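The residues making up each chain are set out below.
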Amino acid sequence: MFKFVSGFYCSIVNMERGHSSGVKTPPTRGVVQKSKNKTYQQSYRSCLRASSRFALTPALTARRLNTSRRAPRLHNITEKVRPEHLDILMKTEWKLAYVTPLYQFRHTQLQSYSRQLSEFIAAEKQQGLAVEVEGLQSSFRVSFSVVPGMTEADDDAETVLIQIHSKPMFARQDKPQKPVWSGWLTCINGNPDYLQSLPQDFICLPLFGSSGSEVLTRLVQSWFQQTFDCCFGCLEISETCLHWLAALWTNCHSESSIQRLKLIWTIPVKPVLQVTYTVNPQDAWDLWSDIRKEPGEENEGEDGRSVDIEEVTRFIQGLKNHFYKHFKLDLSAGPLQQVSTALGSAKYSGRIKISSSRYMITTLTLLTEGALLKMPI
Amino acid sequence: MAATLNLSGLTDSDPGLNDQSASSRSSNRSLRIAERDRRKNEAEDPFALALKYFSDVEAGTPVIGNDQFENNLVLVETVAYSKGLPPEGISIMLEFAMSLRMGNSPCVRVLKCLIPATVVPQEAVVRAVVWLCVGKIPISSQVLFIKWVLTVFDLIDAKDQLRAIYGFIFNFVTEENLCPFICHLLYLLTRKESVQIFRVRKLLELQSKLGRQPFLLYLLSLYRVFCPELVTLSIPSRMRSGFRNHNSPWKSALIAVQKKNGSQVSPTISLPFMTNSRKRKHRHLEIPKLCSVVNKPAQTEPSFSRKVVPFMQLNSFTELLENLHRIELPAQMGSLLASSMALHYLDCVQDESALLRLNFWLGYTLHEEFLFNSDGGASQDLDEAQQFLNKLLFTQDFLQEGFSATEAFLYKFLRVWDGSLLRPQILSLLSNIPVVPSLKIGRLLFEPLMQLFFTSSVFFKCGLIECLNNMLSKWLSWHTVYALEDDLDISLNSHTSINMTLSEFKDSVMELVHFVGRLASVGLQLESYHSLLLSFILDFYETVCDTFVKYELPLIVMPPAGVFYPALFATEPVSVDRLAYIMYRYKVNLTSAKLDIKQKMKASHISRQTFYEFNHYKAIMVNCLWNSKMSEPDMGLQLKEELLCKSNIPEYWKSFDLINHPAFMSCAIDFHRKCWPRKRNVDLNSIKLSRPWTWYLQYLYSQGYNGLKQFVSSM
Numbered sequence: 001m002f003k004f005v006s007g008f009y010c011s012i013v014n015m016e017r018g019h020s021s022g023v024k025t026p027p028t029r030g031v032v033q034k035s036k037n038k039t040y041q042q043s044y045r046s047c048l049r050a051s052s053r054f055a056l057t058p059a060l061t062a063r064r065l066n067t068s069r070r071a072p073r074l075h076n077i078t079e080k081v082r083p084e085h086l087d088i089l090m091k092t093e094w095k096l097a098y099v100t101p102l103y104q105f106r107h108t109q110l111q112s113y114s115r116q117l118s119e120f121i122a123a124e125k126q127q128g129l130a131v132e133v134e135g136l137q138s139s140f141r142v143s144f145s146v147v148p149g150m151t152e153a154d155d156d157a158e159t160v161l162i163q164i165h166s167k168p169m170f171a172r173q174d175k176p177q178k179p180v181w182s183g184w185l186t187c188i189n190g191n192p193d194y195l196q197s198l199p200q201d202f203i204c205l206p207l208f209g210s211s212g213s214e215v216l217t218r219l220v221q222s223w224f225q226q227t228f229d230c231c232f233g234c235l236e237i238s239e240t241c242l243h244w245l246a247a248l249w250t251n252c253h254s255e256s257s258i259q260r261l262k263l264i265w266t267i268p269v270k271p272v273l274q275v276t277y278t279v280n281p282q283d284a285w286d287l288w289s290d291i292r293k294e295p296g297e298e299n300e301g302e303d304g305r306s307v308d309i310e311e312v313t314r315f316i317q318g319l320k321n322h323f324y325k326h327f328k329l330d331l332s333a334g335p336l337q338q339v340s341t342a343l344g345s346a347k348y349s350g351r352i353k354i355s356s357s358r359y360m361i362t363t364l365t366l367l368t369e370g371a372l373l374k375m376p377i
Numbered sequence: 001m002a003a004t005l006n007l008s009g010l011t012d013s014d015p016g017l018n019d020q021s022a023s024s025r026s027s028n029r030s031l032r033i034a035e036r037d038r039r040k041n042e043a044e045d046p047f048a049l050a051l052k053y054f055s056d057v058e059a060g061t062p063v064i065g066n067d068q069f070e071n072n073l074v075l076v077e078t079v080a081y082s083k084g085l086p087p088e089g090i091s092i093m094l095e096f097a098m099s100l101r102m103g104n105s106p107c108v109r110v111l112k113c114l115i116p117a118t119v120v121p122q123e124a125v126v127r128a129v130v131w132l133c134v135g136k137i138p139i140s141s142q143v144l145f146i147k148w149v150l151t152v153f154d155l156i157d158a159k160d161q162l163r164a165i166y167g168f169i170f171n172f173v174t175e176e177n178l179c180p181f182i183c184h185l186l187y188l189l190t191r192k193e194s195v196q197i198f199r200v201r202k203l204l205e206l207q208s209k210l211g212r213q214p215f216l217l218y219l220l221s222l223y224r225v226f227c228p229e230l231v232t233l234s235i236p237s238r239m240r241s242g243f244r245n246h247n248s249p250w251k252s253a254l255i256a257v258q259k260k261n262g263s264q265v266s267p268t269i270s271l272p273f274m275t276n277s278r279k280r281k282h283r284h285l286e287i288p289k290l291c292s293v294v295n296k297p298a299q300t301e302p303s304f305s306r307k308v309v310p311f312m313q314l315n316s317f318t319e320l321l322e323n324l325h326r327i328e329l330p331a332q333m334g335s336l337l338a339s340s341m342a343l344h345y346l347d348c349v350q351d352e353s354a355l356l357r358l359n360f361w362l363g364y365t366l367h368e369e370f371l372f373n374s375d376g377g378a379s380q381d382l383d384e385a386q387q388f389l390n391k392l393l394f395t396q397d398f399l400q401e402g403f404s405a406t407e408a409f410l411y412k413f414l415r416v417w418d419g420s421l422l423r424p425q426i427l428s429l430l431s432n433i434p435v436v437p438s439l440k441i442g443r444l445l446f447e448p449l450m451q452l453f454f455t456s457s458v459f460f461k462c463g464l465i466e467c468l469n470n471m472l473s474k475w476l477s478w479h480t481v482y483a484l485e486d487d488l489d490i491s492l493n494s495h496t497s498i499n500m501t502l503s504e505f506k507d508s509v510m511e512l513v514h515f516v517g518r519l520a521s522v523g524l525q526l527e528s529y530h531s532l533l534l535s536f537i538l539d540f541y542e543t544v545c546d547t548f549v550k551y552e553l554p555l556i557v558m559p560p561a562g563v564f565y566p567a568l569f570a571t572e573p574v575s576v577d578r579l580a581y582i583m584y585r586y587k588v589n590l591t592s593a594k595l596d597i598k599q600k601m602k603a604s605h606i607s608r609q610t611f612y613e614f615n616h617y618k619a620i621m622v623n624c625l626w627n628s629k630m631s632e633p634d635m636g637l638q639l640k641e642e643l644l645c646k647s648n649i650p651e652y653w654k655s656f657d658l659i660n661h662p663a664f665m666s667c668a669i670d671f672h673r674k675c676w677p678r679k680r681n682v683d684l685n686s687i688k689l690s691r692p693w694t695w696y697l698q699y700l701y702s703q704g705y706n707g708l709k710q711f712v713s714s715m
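Chains as they are written, first to last, in the working numbering: chain A, 1 to 377; chain B, 1 to 715.
These are computed hints drawn from the structure, not numbers from a lab.
None of the values given here were measured: they were computed from a predicted structure.
Be careful, since some hints might not be right.
Unchecked claim - Just a sample of chain B residues kept apart from chain A, beta carbon distances all over 10 Å, derived:
#1 R101
#2 M450
#3 Y652
As the list claims (entries may be wrong) - Keeping only pairs whose Cα atoms sit at most 25 Å apart, straight-line, the calculated DSS-like set for lysine-lysine is:
#4 K192(B) <-> K260(B)
#5 K289(B) <-> K391(B)
#6 K202(B) <-> K125(A)
#7 K125(A) <-> K83(B)
#8 K147(B) <-> K289(B)
#9 K688(B) <-> K674(B)
#10 K52(B) <-> K83(B)
#11 K125(A) <-> K260(B)
#12 K147(B) <-> K202(B)
Heads up, the beta-carbon is just placed ideally off N, CA and C, and yes, glycines get one too.
Just need the whole structure built from these sequences, with the hints factored in.
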């Protein structure tokens, strides 16, 4: 049987075919062992020592995306998370980034962070003018808040929501400030081995989503960099991730209609050919349930059978084959750019919109995994 | 009397600043008497008389038509411009000028000639500031005075009292014309204690009035360094660095005087600002700016608050040493890579989190630049990437350690590397990686390196062998250092970053040596025994053959036949000579290993196979080079007798002795000519006779073939 495992070594080595073993995450030693008699030599050195601390050091163990995941359950997220928060999260399309662990970030200090960030933005906006800390004149109002309930596993740090309000330059005095930018930092079902291997001073919120002006995004990022000694990098949604999303969303069709399954490929010919492939939801569902039925061993768990990467691959292959039959064009020739259904849309460039709160956790879990894979250590 | 008082130090005559003037006056009496005596001797000195005139002159004395004044001032000016004024001269003249005893016009003239010969007494400056506070001096003279202070700032003998009157000086910022200069002076005087919220507010208020002025901004930015919780700002990159270098009238005269006096030219007062104006294309290759932490972790016991010094406030190595125990790390650890002083500190940082922060940043930077950058950014701006890697290399060399982020990055990068992009840097980084466990070494290192090796040019092959040689010697040195510390403890982990037992370490080293052996054997064949490649390979074996004696590692690995024979039959004498040297070192190592085993009654850790291989190689070498015997049983190199006869080479068994060996043939001919200059026919066999043979060997040694010499003498 053809086995297909996504390689997430780096963006350059995208896929590794034919690895049928070694896809499981190797056993780890878990928590950091802190010895008392540290000498200076225990330092910047060595992945090897680090390998006991950072069991998932990619170099040594080659982290990969999980090859099977639980089928998305109907999450009762509405009970856990406040509706206004869900509204904010679902309203817009988010540009994703990965963030290295934050040093000395405290969920208890959010108020002071709000103040500092607004001053920072004010100072940067009017370069060359100093701004008094604690001053009140700032034209930007920043608010940090915790989104209670937006966690899954015990090791996940609480999601943090950041909103920036501002008044247009020439607005009247009495006009209220309008939200101009929002963003969040989250970690849903983060790899527990990785999270536990970090020292206490670090908070890992690897997934960062932002919507609003690029300039503000950059300012917020540079404030985070300077304050928590972390780094932000682009997070693309890899082709495998897009496959996963297509399959997982289709898998939900019986519970909530996906209305359509739209996939966009670009085929590298001159001029570049863009193929938009829209599948009737029922057809997609039929194909998916066929694939789901096939395997002999039925190990029905309490949550329903988990979805395997093989099934995902076959699903996408099935769609491609169908296309080939009609148009004699093999879609494997080009990269998949975008997947969208009524439940959400995702683009390779790292933009995602989650339209249904029910499947938010599943989607964010997948993205958190992707973000953790990009961690340099 | 006033003159004497002034001369013995201005503090005495300064009732405003010094309360104990009465007591010091009495205690200084004897001093003053001595001073008076001295001055009597100097009574004839016109310069001293001139100074005396200025210290004694009555207030209100007219200037115009005053010849005595004119003459004295000219005298002082001449001395000032030629030799500079002595400290007491500075005191007197400054006092004279600032007190406006004879009005404003002499004040300006005197200020302009205040060129110190050595130092400027602090008291004089403080007293002048007091006169400034009186407020009678015209604004232009005030500006001139502050400019003078800025010029001679580094020559003021102490600054503590000036710092004590920081508040008084600060008051002048509201004076519009003085403000830029006062800001500069404050910048030079500011300490953490002087940064107060009301001062910050005052400066901000000024800023709202004057707009964005660099002098305000630089002072505020210094305030930010000390108290980031009070003020925040960002300096635009286009803003000029530092305060404007005031084109003061003194600078050139000062430099001339100091040069004449042979003292050091005072360093120009500049700011530690490094605003890089160039916009970088690759944001992530930038080393972050040094900034202090804003959110300090809450102190559990405020009463026992350990006084910490932010790293940014340290200016010299001495300060670093003094505060080593209480330095606060910068907000971004990556910023430590920017200065060499910071590297010294980094060497003693023990905080695990801090190093992790550094590694996160470094790893991120390397990944983003070389791995995630899909638009081929690295090739666009190679210079910058090269500089960055050089900086990293310099840092690692300095610390004598590699960063784990670099290591993790390299393992990934090797899989996508084309073998030419930034080759010197990447290979040097690679040679810095710490010991890799033998189980993983194949997948992490050997697989990608093998691909690169066999698909690249001979120069890459040489580079890689050199890199692996460096890697090996670093591993071995690491072993020497820590194995010694552990005093024969088989486990190496107690002092080092690597948890590894001796046998694991040996396995890794063995893997590496065998790997290079394989690369070398095939590489030599592929490159048709390229002599440059052979030379690099022999370099490697020079490290390998000495593992026991030089590095005290109980492991000896012999080179494979694919390396031994090409070196033995090489066409250049250097290679054969080096092979002989390597064999000699092997012998030394093996002998001492054997001795070690006997002495310590330990089980042999060198396998019998190694001894066998060595003896075998030695026999072949001796047979070939000395005994003119080619085919020995189990030589490892078997050629059929008929085949050799077919080659029509007469006495083919002699072809590789020291005379007929292609590498030494020219030596032999040379020797022959020198030995028998009359002989027309060159008969190399005549060297074989016992006497000429010894001479021949001597001749070879004299040509610098020491390897051969050592080899022969040890056999």
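### Query
Between K192(B) and K260(B), does the CA-CA distance stay at or below 25 Å?
violated (38 Å)
### Query
For the pair supplied as a hint, K52(B) and K83(B), is the alpha-carbon distance within the 25 Å limit?
Between K52(B) and K83(B) the Cα gap is close to 19 Å, so the pair holds against 25 Å.
### Query
Within a Cα-Cα threshold of 25 Å, do K125(A) and K83(B) meet the stated pairing?
Cα-Cα ~53 Å, so violated.
### Restraint status (C-alpha distance of K289(B) to K391(B) at most 25 Å)
holds (15 Å)
### Task
Over 10 Å to the closest beta carbon of chain A is the bar; see if R101(B) clears it.
Correct as stated: the minimum Cβ-Cβ distance to chain A is 42 Å, above 10 Å.
### Message
Just to be careful, I want the Cα atoms of K125(A) and K260(B) compared with a cutoff of 25 Å; is the pair within it?
### Response
Distance of about 51 Å is beyond 25 Å: violated.
### Query
Would the least Cβ to Cβ distance between M450(B) and chain A come out above 10 Å?
Its Cβ never comes within 10 Å of chain A, the nearest being 17 Å, so this holds.
### Task
Would you mind confirming whether the straight-line C-alpha gap from K147(B) to K289(B) stays at or under 25 Å?
Answer violated: K147(B) to K289(B) is near 31 Å, above 25 Å.
### Query
Is the hinted pair K202(B) and K125(A) satisfied, with a Cα-Cα distance of at most 25 Å?
Given pair K202(B), K125(A) holds - Cα atoms ~22 Å apart, limit 25 Å.
### Task
For the pair we were handed, K688(B) and K674(B), check the Cα-Cα distance against 25 Å.
holds (16 Å)
### Whether Y652(B) stays farther than 10 Å from all C-beta atoms of chain A, as the label says
holds (52 Å)
### Query
Does the structure keep K147(B) and K202(B) at a Cα separation of 25 Å or less?
With Cα atoms ~22 Å apart, K147(B) and K202(B) stay inside 25 Å; holds.
Against the hints set out earlier in the document, violations occur for numbers 4, 7, 8, 11.
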